[in-house]
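K.L.:
The listed protein sequences correspond, in order, to chains A and B.
The opening residue of the first sequence carries number 1 in this note's numbering; numbering runs sequentially from there.
The opening residue of the second sequence carries number 121 in this note's numbering; numbering runs sequentially from there.
It cannot be assumed that every hint is accurate.
[What the hints assert, rightly or not] Here are some, though not all, of the chain A residues that point toward chain B, as calculated from beta-carbon distances under 7 Å:
| hint | residue |
| --- | --- |
| 1 | Tyr48 |
| 2 | Ala88 |
| 3 | Leu91 |
[Unchecked claim] Footprint (simulated), chain B over chain A, 3 or more residues, beta carbon under 8 Å:
| hint | segment |
| --- | --- |
| 4 | 13-25 |
| 5 | 111-119 |
Calculated from the structure, these hints are not laboratory results.
Just so it is clear, the structure is predicted and the values come from calculations on it, not from any experiment.
Virtual Cβ for every residue (Gly too), placed ideally from N, Cα, C.
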Amino acid sequence: DTGVSQNPRHKITKRGQNVTFRCDPISEHNRLYWYRQTLGQGPEFLTYFQNEAQLEKSRLLSDRFSAERPKGSFSTLEIQRTEQGDSAMYLCASSSVGTGNTFRSGNTIYFGEGSWLTVV
Amino acid sequence: AQSVAQPEDQVNVAEGNPLTVKCTYSVSGNPYLFWYVQYPNRGLQFLLKYITGDNLVKGSYGFEAEFNKSQTSFHLKKPSALVSDSALYFCAVRDLSGGSYIPTFGRGTSLIVHP
Numbered sequence: 001d002t003g004v005s006q007n008p009r010h011k012i013t014k015r016g017q018n019v020t021f022r023c024d025p026i027s028e029h030n031r032l033y034w035y036r037q038t039l040g041q042g043p044e045f046l047t048y049f050q051n052e053a054q055l056e057k058s059r060l061l062s063d064r065f066s067a068e069r070p071k072g073s074f075s076t077l078e079i080q081r082t083e084q085g086d087s088a089m090y091l092c093a094s095s096s097v098g099t100g101n102t103f104r105s106g107n108t109i110y111f112g113e114g115s116w117l118t119v120v
Numbered sequence: 121a122q123s124v125a126q127p128e129d130q131v132n133v134a135e136g137n138p139l140t141v142k143c144t145y146s147v148s149g150n151p152y153l154f155w156y157v158q159y160p161n162r163g164l165q166f167l168l169k170y171i172t173g174d175n176l177v178k179g180s181y182g183f184e185a186e187f188n189k190s191q192t193s194f195h196l197k198k199p200s201a202l203v204s205d206s207a208l209y210f211c212a213v214r215d216l217s218g219g220s221y222i223p224t225f226g227r228g229t230s231l232i233v234h235p
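Model the full assembly from the supplied sequences, consistent with the hints where possible.
P.N.:
Pasting the structure below:
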């Protein structure tokens, strides 16, 4: 169990280019979340998957953003035609369905180290 | 709707002194409450959570938090602060009645522990 893994950790791109981030959740977790964090702010929810189904999307997720989780395991977040306002850290997190109060039980989401995006 | 407020942008404390980082929440039903810590350029690390049971919850690195339903608060505490505790702290809430599995996070509080 290596925790939530995100790649790349840092990405610098020119305005107008497309970028894709990958997230590998904790292996037994079937819920996966994407959040965005800008300086001085807390994480803001973007989208949520249970297995391969995308169940919720925030209004923050414009048409330029798309997320997939094709086999219910890893997920990708793609941003098309990037804008300078997209510069942020993109956080992936996962959780399990199980209940209980154990460390890896449901209800708690565990974050990856984040992917920093800088749009120049 | 669920929301959480962290009223202090920054908390300063001397090493060895007790620390408190404040959090208040708003939910329609019963809350799940969480604290996370974030070090520079890193993701969020889970510290502790309240779901049911004892109002005093103990977590990682000597931190604890007290759930107070009447005051809708979930303050983070530690009896003796360390310089290495200096970081950003985030409170989060999930409303059990809403049917959503998505926590809402506060804006964060920067904890600075002075040697």
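K.L.:
For every hint, state whether the structure bears it out.
P.N.:
Hints versus structure:
1. For Tyr48 (chain A), the interface hint holds, since its Cβ comes within 7 Å of a Cβ in chain B; the closest pair sits about 6 Å apart.
2. Taken as an interface hint, Ala88 (chain A) does not check out: its beta carbon lies about 13 Å from the nearest beta carbon of chain B, beyond 7 Å.
3. Given the 7 Å rule on beta carbons, the hint for Leu91 (chain A) holds: about 6 Å separates it from the nearest Cβ of chain B.
4. As drawn, the segment 13-25 of chain A meets chain B at 0 residues by the rule of a beta-carbon pair under 8 Å; below three, the given contact is violated.
5. A count of 5 residues in the segment 111-119 of chain A with a Cβ less than 8 Å from any Cβ of chain B is obtained; the coverage claim is therefore met, three being the minimum.
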